[in-house]
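*Asks:* The primary structure of each chain is shown beneath.
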Amino acid sequence: MSPLRQEVERMSEANGDRRRRFDALFASNSSDIVSYCSWRTGSANDAQDAAAEVFLTAWRRLDDVADGEAGRVWLYATARKVLANQRRSSRRRAALQERLTLEVVSAVQDSSSDSEEALVHEALRRLGPHDREVLLLAEWEGLTPAQIASVLGCPRVTARGRLHRARRRFRTAFEELTGKGESGSPRREASAISMP
Amino acid sequence: MSTSKPFQALRRVNPRTKPGFSGSVEATHETVRAQIAITAADLAPTRAAAHSRPRRVLVGGSVVGASLAAAAVVAFLLIGSPSGGPGVQDAGAAVRQAATLTAASAEQSGTAVVRLSHNSEPLAGTTIRWSDGDVSIFKDGPGRAGKVGSAFLVVDGVLYGLDAEDGGWVVLGRPENIDPNTGTTPGEHLAAVRQDIGGATLRRIIGGMTDLTTRRLADGSTVYRGTLAAGLIARETGFKEGRSIRVLPFGYVAQDEAADPSAPLDVAITVGPDGIVREDVVQWGTGGSVWTYAVTYSKLGKTAALPAPANARPLKDSLPRSDSSNAPTPNK
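So the sequences go chain by chain: F and P.
Residue 3 is where the first sequence starts when you use our numbering, and the numbers rise one by one after that.
Residue 11 is where the second sequence starts when you use our numbering, and the numbers rise one by one after that.
Pulled out of the complex, with its shape left as it was, chain F reads as follows (with noise of 0.2 Å):
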C-alpha cells in the first residue's frame, strides 16, 4: 500500500465522527441557512456562497457547534456575521447590487402588480430593515423570540418587544396596501429586500 493511501486511510478513520457530524448538521439545517441567506442578499449566488461559507466555519468550528436547535441558531447567528462580514468588504458591489435587485423586482412586479406576493415585498419594503429582520426570522425561518435573541445577540426581552412591534407593523403596511388600512389604496412601487 502506497504511503499516500496509507495516509488516506489513517485521515478517514481518524476523521470518520466528524464527517458524519458534520453530514447530519449539513442535511438538518442547510435548506434553513440558504432560505435566510438567500431573503438577506436578494442573490442566489451570494446566498450560496454566504451559506458555504456558513458551514465552512461549522465544520472549521465543529467542536463549538452544539447538537439540535442549539446548533441550528448558532448557524444563524454565524449566517449573520459572514453575511455582515460581506457587506462590510464589498460594500460598492452590495450597491450595485442592490440597485440592480430594485430593477429586477421592479420588472418582475410590474407585470404582476396586483398579486399577493407584490404586496407582501411591499409591505416588507416599508418596515424599517431590524423590524424585516425579526419578523422573517419568526415567519420565514420559524424561530422563537428566544432564539431570535440569540441570533441577534440581545436580550430574550428586546427579542420579543421588537417581534410584537414588527408584526403590528406589517400588518398595518399590509391591510394599507390592500385597501383595509386606514390610508386605503394600494400602491404599486418596487421592493426589494435589504438589509443594513
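Derived from the structure by calculation, the hints contain no laboratory data.
There may be inaccurate statements among the hints.
Calculated lysine to any residue pairs in the SDA-like style (CA-CA distance at most 20 Å, straight line) [claimed, not checked]:
| hint | chain 1 | residue 1 | chain 2 | residue 2 |
| --- | --- | --- | --- | --- |
| 1 | P | K15 | F | T180 |
| 2 | F | K83 | F | L58 |
| 3 | P | K149 | P | S272 |
| 4 | P | K28 | F | S45 |
| 5 | P | K28 | F | K83 |
| 6 | F | K83 | F | A68 |
| 7 | P | K15 | F | A68 |
| 8 | F | K83 | F | S45 |
| 9 | P | K15 | F | G181 |
Stretch by stretch, here's where chain P covers chain F in the computed footprint (C-beta under 8 Å, at least three residues) [unchecked claim]:
| hint | segment |
| --- | --- |
| 10 | 52 to 66 |
| 11 | 148 to 157 |
| 12 | 161 to 175 |
Pairwise CB distance ranges (calculated) [said to hold, decoys possible]:
| hint | chain 1 | residue 1 | chain 2 | residue 2 | range |
| --- | --- | --- | --- | --- | --- |
| 13 | P | D229 | F | R20 | 30 to 38 Å |
| 14 | P | G218 | F | R158 | 45 to 53 Å |
| 15 | F | A79 | P | R226 | 44 to 52 Å |
| 16 | P | G33 | F | N87 | 50 to 58 Å |
Model, not experiment: these values are computed from the prediction.
Here a beta-carbon is modelled for each residue, glycine too, at the ideal position from N, C-alpha and C.
Starting from the structure of chain F, add chain P where the hints point.
*Replies:* This is chain P only, laid out in the frame that chain F set:
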C-alpha cells in the same frame, strides 16, 4: 403565531417555496464539499511547514505537504458528501471530484503542456512548470526555424526573460520594482497560471459540461466527454477592430467557432486511475477546419524545484546602446 391574512400571505412567499430553491441548496452542497476538501488540503501542509524553505513566500509548503494535502482531499472525497451520499454518484460528480483533487495536487508543483493545433498541424505550444512560488513559462511552436522561443521565469521572486537574440537569460527585475495590479508581477503571473491549471478554470469547464459520457481505458483512466459552451472556456478579454476577443486558458486566442460564446465545443477530460486529471482536450470546427486545444498535466506535486538561471545578466546590458549620432544634441 398569528394566523391572520397578512401573515398567511407572508408565509406563502417564503423563499423555500420558490422554484429553484432546492437547486440553491444543492449548489451550496457542492460548494461546501469542494471547499472542505480544499480546506483539508490547506491544513495538511502546515505539518510540513517547518521543513519548507523560508523563501517560498508565494505559496509555501513542500512536496511532503502537497502529498498530505492530496491525501486529505482524497480522504474527504472517499468518505463522501456532507449529506451522506456515496462519494461518486455519477459521471458529473466523479469529474468534479477529479477537478478538486487535481487542484489540490497542483497546489504545490506540477507541469502543464498546452498545445494548439489546426487540422492536426501544431500551431503553438507552451510548457509551464511551477514549484512552490516559482514558475517557468516556455512558449514555442513550429516555424521558428531555430530561433529561441519566448520564455519567462520567476525564481525566488526574481523575473527572468530570454533574450531572443542570443538565448541568454536576462534579469528583468524584482517584484518590488514592478507596478502592482498590472498583471505582471510574479505573484500575478503565478496566480493566473494556477487558476488555469487546477483552479477556477478547470472547475468552470467541468461544471459547464453537458451530455456527459464516460469511457474506461485499459490503463484504468476514464475519459469524460461532453459539450461546453465556448464562453465558459474562452473568456472575453477586450475588443479589437469592433470584435470581441476571446482567449482560451494560457492566453491562446479562440478562433472561428470558439469565438462565439454560445458555440458548443467538444470536450474530453481524461482522469487517471489516481483520480487526477491528466488531460483536457477541447475541439471545435468542422470538415476542413478543425481546431484542437489540449492541456496535459504531469508531475503534479512532484515537479522539481526550478533553478535560477546561471549567468543571467542585468537588463541594462541587453538594451541596445544609444548611437551617439542619433542622440539628441543637448541645448547649449
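*Asks:* All hints are to be evaluated individually against the structure, with a verdict given for each.
*Replies:* Going down the list of hints, with the structure as the test:
no.: 1; hint: P/K15 to F/T180; in the structure: holds, 11 Å
no.: 2; hint: F/K83 to F/L58; in the structure: holds, 13 Å
no.: 3; hint: P/K149 to P/S272; in the structure: violated, 29 Å
no.: 4; hint: P/K28 to F/S45; in the structure: holds, 13 Å
no.: 5; hint: P/K28 to F/K83; in the structure: violated, 25 Å
no.: 6; hint: F/K83 to F/A68; in the structure: holds, 18 Å
no.: 7; hint: P/K15 to F/A68; in the structure: violated, 36 Å
no.: 8; hint: F/K83 to F/S45; in the structure: holds, 17 Å
no.: 9; hint: P/K15 to F/G181; in the structure: holds, 13 Å
no.: 10; hint: 52 to 66; in the structure: holds (count 6)
no.: 11; hint: 148 to 157; in the structure: violated (count 0)
no.: 12; hint: 161 to 175; in the structure: holds (count 3)
no.: 13; hint: P/D229 to F/R20: 30 to 38 Å; in the structure: holds, 35 Å
no.: 14; hint: P/G218 to F/R158: 45 to 53 Å; in the structure: holds, 48 Å
no.: 15; hint: F/A79 to P/R226: 44 to 52 Å; in the structure: holds, 48 Å
no.: 16; hint: P/G33 to F/N87: 50 to 58 Å; in the structure: violated, 25 Å
Comparing the model with each earlier hint shows violations of hints 3, 5, 7, 11, 16; every other hint is respected.
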